[in-house]
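Asks: Chains as they are written, first to last, in this note's numbering: chain B, 14 to 193; chain U, 108 to 556.
The set of hints was computed from the structure by calculation and includes no laboratory data.
For clarity, every value in this text was computed on a predicted model and none was experimentally measured.
Please note: incorrect hints may appear among the correct ones.
Dumping the calculated DSS-like pairs for lysine-lysine here, alpha-carbon to alpha-carbon at most 27 Å [said to hold, decoys possible]:
hint, chain 1, residue 1, chain 2, residue 2
1, B, K151, B, K53
2, U, K197, B, K68
3, B, K68, U, K288
4, U, K394, U, K382
5, B, K68, U, K148
6, B, K166, U, K297
7, B, K46, B, K166
8, B, K68, U, K297
9, B, K118, B, K56
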Amino acid sequence: MDTKNSRSEFGSKRQEVKLQDDSLIIHEEEIEKIDRALIKLIKGAEAKCALLVDKDGHLITRQGFTHSLDTTALAALLAGSFASTREIARLVGEPEFSVLFHQGKRDHIHISLVGERSILVAIFDDRTTIGMVRLYAKECGEELATILGQAHKSKKKSEPAIDSGFAASAEDRLNDIFRD
Amino acid sequence: MVSINYAFREISCKIVYYGPGLSGKTTNLIYIHKKAPPQTKGELISLATDADRTLYFDFLPIDIGPVQGFATKFQLYTVPGQVYYNATRKLVLRGVDGLVFVADSQAAKLEENIESMNNLIENLEEYGYVLEELPMIIQYNKRDLEEVSSLEELEKCLNPRGLPYFEAVAVKGIGVFDTLKAISKLVLEKARGKSEPEGEKELISVSAESKSSVMPSAEKEELEKKPYAPAREAIPEAPLGKDSFEEVERDLEQPEKTYRVEEKLEKAREREREKEEQAKETVRLQKEKEEELIKARLKEQEEKARKEKEGAERKKLFLERLEREMAEVERQKKALELEKIKEAEELKKKEQAALIEKMKKMEEEKKTLIQSQSEIEKETVEAERVSKETVPEGPVQTVKADETGLPFQSKIIISPMLKQKKTKPAKGGFLWRWIQKIAGPNLDPKDRR
Numbered sequence: 014m015d016t017k018n019s020r021s022e023f024g025s026k027r028q029e030v031k032l033q034d035d036s037l038i039i040h041e042e043e044i045e046k047i048d049r050a051l052i053k054l055i056k057g058a059e060a061k062c063a064l065l066v067d068k069d070g071h072l073i074t075r076q077g078f079t080h081s082l083d084t085t086a087l088a089a090l091l092a093g094s095f096a097s098t099r100e101i102a103r104l105v106g107e108p109e110f111s112v113l114f115h116q117g118k119r120d121h122i123h124i125s126l127v128g129e130r131s132i133l134v135a136i137f138d139d140r141t142t143i144g145m146v147r148l149y150a151k152e153c154g155e156e157l158a159t160i161l162g163q164a165h166k167s168k169k170k171s172e173p174a175i176d177s178g179f180a181a182s183a184e185d186r187l188n189d190i191f192r193d
Numbered sequence: 108m109v110s111i112n113y114a115f116r117e118i119s120c121k122i123v124y125y126g127p128g129l130s131g132k133t134t135n136l137i138y139i140h141k142k143a144p145p146q147t148k149g150e151l152i153s154l155a156t157d158a159d160r161t162l163y164f165d166f167l168p169i170d171i172g173p174v175q176g177f178a179t180k181f182q183l184y185t186v187p188g189q190v191y192y193n194a195t196r197k198l199v200l201r202g203v204d205g206l207v208f209v210a211d212s213q214a215a216k217l218e219e220n221i222e223s224m225n226n227l228i229e230n231l232e233e234y235g236y237v238l239e240e241l242p243m244i245i246q247y248n249k250r251d252l253e254e255v256s257s258l259e260e261l262e263k264c265l266n267p268r269g270l271p272y273f274e275a276v277a278v279k280g281i282g283v284f285d286t287l288k289a290i291s292k293l294v295l296e297k298a299r300g301k302s303e304p305e306g307e308k309e310l311i312s313v314s315a316e317s318k319s320s321v322m323p324s325a326e327k328e329e330l331e332k333k334p335y336a337p338a339r340e341a342i343p344e345a346p347l348g349k350d351s352f353e354e355v356e357r358d359l360e361q362p363e364k365t366y367r368v369e370e371k372l373e374k375a376r377e378r379e380r381e382k383e384e385q386a387k388e389t390v391r392l393q394k395e396k397e398e399e400l401i402k403a404r405l406k407e408q409e410e411k412a413r414k415e416k417e418g419a420e421r422k423k424l425f426l427e428r429l430e431r432e433m434a435e436v437e438r439q440k441k442a443l444e445l446e447k448i449k450e451a452e453e454l455k456k457k458e459q460a461a462l463i464e465k466m467k468k469m470e471e472e473k474k475t476l477i478q479s480q481s482e483i484e485k486e487t488v489e490a491e492r493v494s495k496e497t498v499p500e501g502p503v504q505t506v507k508a509d510e511t512g513l514p515f516q517s518k519i520i521i522s523p524m525l526k527q528k529k530t531k532p533a534k535g536g537f538l539w540r541w542i543q544k545i546a547g548p549n550l551d552p553k554d555r556r
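Isolated chain U (complex conformation) (with noise of 0.2 Å):
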């Protein structure tokens, strides 16, 4: 918006140079900077980095003198072309007066001419502003390279407005002036249509309001000379030879009408075409969306697959081996019951073994008993015939101890192996039975001798 400031009588206007990288924004700056008189330029500020890329803008303030008691002051920013420093080329636009368009006339640079336009256009958008009613300048630079594109492609590609543009070499100074002074103009040009709903002749008063009361008659001849014009559809000049102010302002205004119904209707038109071409691009953005879609998808489903394969070989074969882990277990298992039993074996052997001797120690005990016990009979035998040659009468009462001290008769009743012996029906002759009476019905009939 364009800042008009009473107080100060200034006019200050905000002119963005706007484009890719490196298609020589700041050059154009450096240039005017270079060659303007000293009087109406201020300092150039560049916020750049050490690579002398635009980091944030470059600033050049224009001060061309008070035009109708108004001092015009020009802002020129440029903006960063990167497309990464997008967020800072965004603040740049804050504010915008007039635009121009520094495009990169080499034939490889094409796409990212279009790039930046559409980058310009989502911007402004996001700022309100829309491109159609901004005064907007397209520098074709660069033309003195080899290998750049004509101009009608660059028309065809960055110009379906037919705004106006100028071919510009910015290094050498070439155009960089003519595109200054053709935005400059158009930026003052819509600053005055905005105010024309209230009126020219309220105008007036304003400014007489203002103290530039009148105008001097020398810019009211130069309003004769000169009515604007774009650089491309030319308009017939305003007759020369008027006498009276009103009369100018009436013939200025006649073609300016016509251009403007004109450039109207080329505007709608263009408009239709563009959302023809949005809706277009649109589809084919959705379109490609979709196929990237499906692309993906399919991608998605491939590597499930893959991994469901890999995932079934790694259980097939932790299956596998955990069934010759089993397999193995059970057969040491085997071995093992295999090994108790054996030992089992073993143990029962040895212990039969035990066993066997034992009875055989048992037995062995046994017939020693027996053979003591026969001794004993014997001794009591011999006792006895001793007794009864001794004493012939009258049984005999004491009872002989052995060696051991036990009465006799206890004895042979305590001994397991006696007991178990059956005792047989007294037989034989009347020692035997005597025997017998002596010494009980354990007695073994085997002993009977």
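The shape of chain B in the complex, shown without the other chains (with noise of 0.2 Å):
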């Protein structure tokens, strides 16, 4: 009752229902076709390693290479690198710029857009080239795109979530972490 009033009173529910019960959660099962996914494209297009990425800027998976990389930070700036990019886009009259090259002297990432929100993040050198990469990540995206939203058709029915002692949980460990 009180959020609903709340909701209606500025006047931005459908956006709002969208984002605001959008908690991503993600099972294993779902993981596990993911990156299958990404095996897939890292091996047909001889990439180094694939990512995919909330448009939020939380990894989901990654595959290949990806030892040497500070993923989490990769991951926030490749989401904020995309949300600019996606603003650039609306000042220009463009609904999305859907597909996102960085040229390197070595290195190459190509970005694309999965779903409605999540980043395929695919970094490749001059062994293969960009046709392919481009080639194998549509296919990808694709192949991510069902997997994603069966996933978010089949959460609606049994949403699991954290404990009820998981926040006093972490409060104790927070105390004891950040001491002045």
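Each chain sits in its own coordinate frame; assemble them with the hints.
Replies: Here you go:
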């Protein structure tokens, strides 16, 4: 009741429903499927590694040679980059730039939009070509979109979440760690 | 939204430090990065300008380690505070789980704080968030400076909802960790709150599914000690010494519920107050707008009048000049006409003079002609006399020619001057009549001699 009122008050129900109630929850079986798709992309296009990132900057999963990478920061920055590109698109009158490509001296990054809220990132070098990566990334993106779409649907049925004691447990840990 | 990854056993929350420019958001992160234990913190990434002002965001991942089998991570972001970076500021807010509003306590910055708070509400609305539903903490930073606003004033302006707040001196680290801890708890609390309708028993079964089935007993005990309490509203602590988990749960639920009801009431009141304020604000804004419009219109009219006046003056001047020019042209015209007339008169005079001269010439010619005629007559008379003397009988048949070789008679006829003369009836004596007989009727009576 309370929340309903406040929602209609601000008159932005539509968007809110989309964003507010949309916790990203990923289960093991989905991750397995996603990982398989990513491996297919890496093998097919001979890329170094592939990451799936949430638009908010959370890393969903990664495959390939990622040990030397700070994937957390990478995910946050890639999401930021994509967000700003999206804003640029809006300013020039495009709904969205669905593919981004960063060219470096050795390594290059191919970024593409997957479904509504995820970003597929492929890092590759000169052993392969941008065309190959594009081709496989497109294929992989379509596959991932269906997997994530299904995950989103199944999530509604049995929403798992964290325990009631979780916050309290975390609090003690926080108190331990952050001592002045 | 909190991201829960069952495959990596990870929970990831996004906390955003918001606030006006130079209020100390990045300083908060720098302090956390400096003081946090090395295993918990990631790299601090700062997308800043050359002058160390945040351009896009600062990012600091914090990993507090496993809690109930889940690696719990917080991603701390700051926004660029400067007003004109709103585009990027808004982007950072996407998917936010908790907010820390870092306010600058300096009295001079109060206005900026309020502006930033309004901007926050605006940006959240654009994403479809409602400020009331987001976990939020307010940090009054720079409390060590002189000329700071009083807490009451700051609370009144920035915290009408009575959110938990902390006083801080971010450069010295005072209040930084308190803020972080409080917002972390609120965020996790919210994540839990979301799943409440599902029922807690189900939750346990879910966690069983994900291999963290049994909650460690140590953690159960922790539950007893510290229920969540916001900084301002003290909630009675759960009684100690309960041995069963259910009992603890029940006890925990009670104060929570009352707290919730109160909070809801407070929120509702708050919202109404805010609504009223908003209405007032809109009315005031409308009035201001109207006034501005009226002013603008008046200005326009003045401008118009001035322009018209100028235009009229210019027109007048132009007309005057035109008139003057016209008069000038007229005068010139008249002068020209006069000249023409004069010229014409002169021409006439000249012509007349020429005519007169011509006439004079003609007269002279006439005279000479007459003279020559009279000479001829004399000659003829002489000749006749001679002929009378020599040939007394019979009319003279031969016609004598003069010097020109033309017959005498014809010459007389040709002479125009003679033609004009009226022939008088023949008079005189015998000789004259005779001459007339020879010369014809055109003979001048003057020539009778």
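Asks: Hint by hint, say whether it matches the structure.
Replies: For each hint, the structure was consulted:
1. B:K151 x B:K53: Roughly 12 Å separates the two Cα atoms, so the pair holds.
2. U:K197 x B:K68: 14 Å, holds
3. B:K68 x U:K288: 26 Å, holds
4. U:K394 x U:K382: 18 Å, holds
5. B:K68 x U:K148: The hint holds at about 22 Å.
6. B:K166 x U:K297: 23 Å, holds
7. B:K46 x B:K166: 16 Å, holds
8. B:K68 x U:K297: Roughly 21 Å separates the two Cα atoms, so the pair holds.
9. B:K118 x B:K56: 22 Å, holds
Violation of the numbered hints given earlier is absent; every hint is satisfied by the structure.
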